[in-house]
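All chains, full assembly: derive it from the sequences and hints.
There are 2 protein chains.
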Amino acid sequence: MAAAAGVSIATVSLVINGKAAGRVSPATQARVEKAIADLGYVVDSAARSLVTGRRQCVALVAPDVGNPFFSQVAAGVATALGTEYRLLLAVSGAEHDQPDLDQLVAFGVDGILLEFPGAEPPSGQIGCPVVLLDEPSGPPELSRVYFDTRAATREMVDQLVELGHRNIVYLDASREGKTFETRRRQVANRLRRTPGTALTRVRSDIKVDDASTLVAESLPDWRRAGVTAIISATDVLGYGALSALGAAGVSVPKQMSLVSFDDLPFSKLTSPALTTVRLSAYDLGYASARILREQLAEESPAPRQESLPAMLINRSSVGPARRLRARG
Amino acid sequence: MAAAAGVSIATVSLVINGKAAGRVSPATQARVEKAIADLGYVVDSAARSLVTGRRQCVALVAPDVGNPFFSQVAAGVATALGTEYRLLLAVSGAEHDQPDLDQLVAFGVDGILLEFPGAEPPSGQIGCPVVLLDEPSGPPELSRVYFDTRAATREMVDQLVELGHRNIVYLDASREGKTFETRRRQVANRLRRTPGTALTRVRSDIKVDDASTLVAESLPDWRRAGVTAIISATDVLGYGALSALGAAGVSVPKQMSLVSFDDLPFSKLTSPALTTVRLSAYDLGYASARILREQLAEESPAPRQESLPAMLINRSSVGPARRLRARG
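Chains as they are written, first to last, in the UniProt record's numbering: chain A, 1 to 328; chain B, 1 to 328.
Keep in mind that the hints were calculated from the coordinates and are not lab data. There may be inaccurate statements among the hints.
Simulated pairs of lysine-lysine, BS3-like, Cα-Cα distance not exceeding 25 angstroms [claimed, not checked]:
hint: 1; chain 1: A; residue 1: Lys178; chain 2: A; residue 2: Lys207
hint: 2; chain 1: B; residue 1: Lys207; chain 2: B; residue 2: Lys178
hint: 3; chain 1: A; residue 1: Lys207; chain 2: B; residue 2: Lys254
hint: 4; chain 1: B; residue 1: Lys207; chain 2: A; residue 2: Lys268
hint: 5; chain 1: B; residue 1: Lys268; chain 2: B; residue 2: Lys254
hint: 6; chain 1: B; residue 1: Lys207; chain 2: A; residue 2: Lys207
Below is the structure:
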């Protein structure tokens, strides 16, 4: 085609890749475009990616695409990416403890959004910009977006204490991760300020049915121990607790209070409506993708750490402490 | 590298792409692999994709990634694809009426899963296998997976009629699409068998808040008209109806019955638990991705149409008809 247009290959690639402005004269550009038309040349993005090194493709890496928190993150990412970038969803099945980022880089993604509690933070040398999602701490050379949960968590714990709750279960995610570790630590630290309080940790996969089974099995022990409230690390775990308590005839909040983290779109619809600390998954996805786009636009991008607000949303699942009568 | 190994470029590409067996002698293969090692050659997937025409990447195209039905579909797709294929999530924002499949083909995806009610079925000539998801009808040359909703819909309508419901609202999706058209038609046809019944159609975007607003605004008219039941085209629309009815102090099912389609994981947790026709989104994603993989494995694949079962799940949102007292 360069021959047909009587120009250099470099010139052709400038035109093909829309970088001709100011570099190639309008006349030359017109000649190249005519040659392209004459030869019926179609820009193949694989071929182009060899020229530009860009796929206009961003990977969102997560352990569980079925998680509604994640689908809200993906919606925010998709909105922020618009039509300029494609979104590659790199799912790492439950069997994979760590995502394979090198494979994604080899695939040629322009950037990576890592929404993966417990993932090893990648080294700065992996070859494309990375933004960590929902990571309250990380190496300074990596960009990340996180929720500032401290104030809302204090408010949540203080409310339970004021309502007389002393013996509380913490329904945690079995997946390790700094975001879950932080929520748990902030709850425990705040509760420790009140003498005579106890926090018992149990763990479940972040699936409604898994959490429901765990709570159903644990309920007899909790009755005997005098547990009056459950703090759930995520709404999905909280949904499982709600269904198990409902099936066991335990009234929420009369006999058991329940409070959670996330405020998924369904938490205002549960029975009773869930009191929860709002962590906007959509905002998390949107802010992370915006930062990644900025990083892709800059020559030598500086890492960015951005915090998002958290807010306690009071609904109907928290009430005064009332010890369950032990059965059996 | 061909020079270093003293072989042809074709031979090198056979070895690089794991197609040497039976084509290249072990000795030659070893020589090429040594050259690869010596030259520190890394297989770049963009370069390789030019050789193989394969990205090991499948696109899932949908209008709204935030929809929990879609996230269940994506989970099923991810499971069926396993680690062999990457999943490209091609989101078409609300502003896009039609997905741009040619752009995806140009990007070099190996196949397309189209979960997009109302999308024009692509012509067979688009250059890669396509499977239509949740499409009850389509051109015979295209593979598709759909739900056989007829029997479950009849059961649902007959139950409402037996409970005395005559004046029913159909809360439909504003998005056009054969799957929504089919549900609506099957409901209307079955209801028509009973004299003195009326079905009023209203439409909303498939968002909890949009549906909630629409139902809240329509409720006064429905009271006056003596509506006693709502049939919702999707659970998300049903969630919106539930929250609007709850806010208006209308007891479900005492004063208004509600039945829906989907059975999302949250429908057993709503207040009251939602009676709904189960259309397994996970199974839909899994079956479609399995078919696409088979199509990718075959030399000249024949189109496949596969139906999935639907089942009425009776919970607590349907009861005997009781006309609301009109207010104002």
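Can you list which hints this structure breaks, lowest number first? Hint 3 is the one this structure does not satisfy, whereas the remaining hints hold.
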